[in-house]
Amino acid sequence: MDLLTGEEVAIKVIKNKRSFIQQAQIEIKLLREIARFQGEEEVAAEVGANYVGESAFCR
1 MDLLTGEEVA
11 IKVIKNKRSF
21 IQQAQIEIKL
31 LREIARFQGE
41 EEVAAEVGAN
51 YVGESAFCR
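Per my numbering, residue 1 is the first one in the sequence shown, and the count goes up by one each step.
Treat the hints loosely; a few may be bogus.
[Stated by the list, open to error] DSS-like cross-link-like pairs, simulated, lysine-lysine; straight-line CA separation at most 25 Å: (1) Lys17 x Lys29; (2) Lys12 x Lys29; (3) Lys15 x Lys29.
It is worth saying that the hints were derived from the structure and are not from the lab. Please read all numbers here as calculations on a predicted model, not as lab measurements.
Using the sequences and the hints, build the whole thing.
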(Lines of atoms letter the chains of each structure in order from A; the text may use other names.)
(Lines give C-alpha, C1' and ligand atoms only; values in the text may rest on other atoms or scores of the structure.)
Protein backbone atom coordinates (compact mmCIF):
# COMPACT_ATOMS: atom_id res chain seq x y z
CA MET A 1 0.00 0.00 0.00
CA ASP A 2 1.38 3.40 -0.99
CA LEU A 3 1.17 5.38 2.23
CA LEU A 4 0.90 8.70 0.36
CA THR A 5 -1.86 7.78 -2.10
CA GLY A 6 -3.53 4.75 -0.48
CA GLU A 7 -3.13 2.92 -3.79
CA GLU A 8 -2.21 -0.77 -3.87
CA VAL A 9 1.24 -1.22 -5.40
CA ALA A 10 3.75 -3.98 -6.06
CA ILE A 11 7.44 -3.62 -5.39
CA LYS A 12 10.16 -5.54 -7.16
CA VAL A 13 13.50 -5.68 -5.36
CA ILE A 14 16.56 -6.46 -7.46
CA LYS A 15 19.86 -7.82 -6.14
CA ASN A 16 22.57 -5.20 -6.00
CA LYS A 17 24.63 -6.82 -8.75
CA ARG A 18 25.44 -5.11 -12.02
CA SER A 19 23.78 -7.71 -14.26
CA PHE A 20 20.54 -7.68 -12.23
CA ILE A 21 20.41 -3.88 -12.18
CA GLN A 22 21.00 -3.71 -15.94
CA GLN A 23 18.17 -6.20 -16.54
CA ALA A 24 15.84 -4.21 -14.27
CA GLN A 25 16.63 -1.02 -16.19
CA ILE A 26 15.75 -2.81 -19.45
CA GLU A 27 12.45 -3.97 -17.91
CA ILE A 28 11.62 -0.42 -16.82
CA LYS A 29 12.35 0.91 -20.30
CA LEU A 30 10.17 -1.78 -21.92
CA LEU A 31 7.25 -1.17 -19.55
CA ARG A 32 7.40 2.57 -20.23
CA GLU A 33 7.45 1.94 -24.00
CA ILE A 34 4.44 -0.39 -23.75
CA ALA A 35 2.56 2.20 -21.67
CA ARG A 36 3.18 4.85 -24.34
CA PHE A 37 1.32 2.78 -26.94
CA GLN A 38 -1.56 1.55 -24.77
CA GLY A 39 -4.73 3.43 -24.00
CA GLU A 40 -5.45 4.18 -20.34
CA GLU A 41 -8.11 1.46 -20.14
CA GLU A 42 -5.65 -1.16 -21.39
CA VAL A 43 -2.79 -0.54 -18.96
CA ALA A 44 -1.96 -3.73 -17.06
CA ALA A 45 0.95 -2.26 -15.10
CA GLU A 46 2.40 1.17 -14.51
CA VAL A 47 5.99 1.96 -13.68
CA GLY A 48 6.20 4.19 -10.65
CA ALA A 49 9.29 5.41 -8.89
CA ASN A 50 12.49 3.44 -8.92
CA TYR A 51 15.53 3.94 -6.77
CA VAL A 52 18.72 2.36 -5.53
CA GLY A 53 18.44 1.57 -1.85
CA GLU A 54 21.19 0.64 0.57
CA SER A 55 21.83 -2.77 -0.98
CA ALA A 56 19.21 -3.23 -3.68
CA PHE A 57 17.66 -1.62 -6.76
CA CYS A 58 13.93 -1.15 -6.20
CA ARG A 59 11.10 -0.29 -8.53
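For each hint, the structure was consulted:
1. Lys17 x Lys29: Holds, at roughly 19 Å.
2. Lys12 x Lys29: 15 Å, holds
3. Lys15 x Lys29: Holds, because 18 Å separates the two Cα atoms, which is no more than 25 Å.
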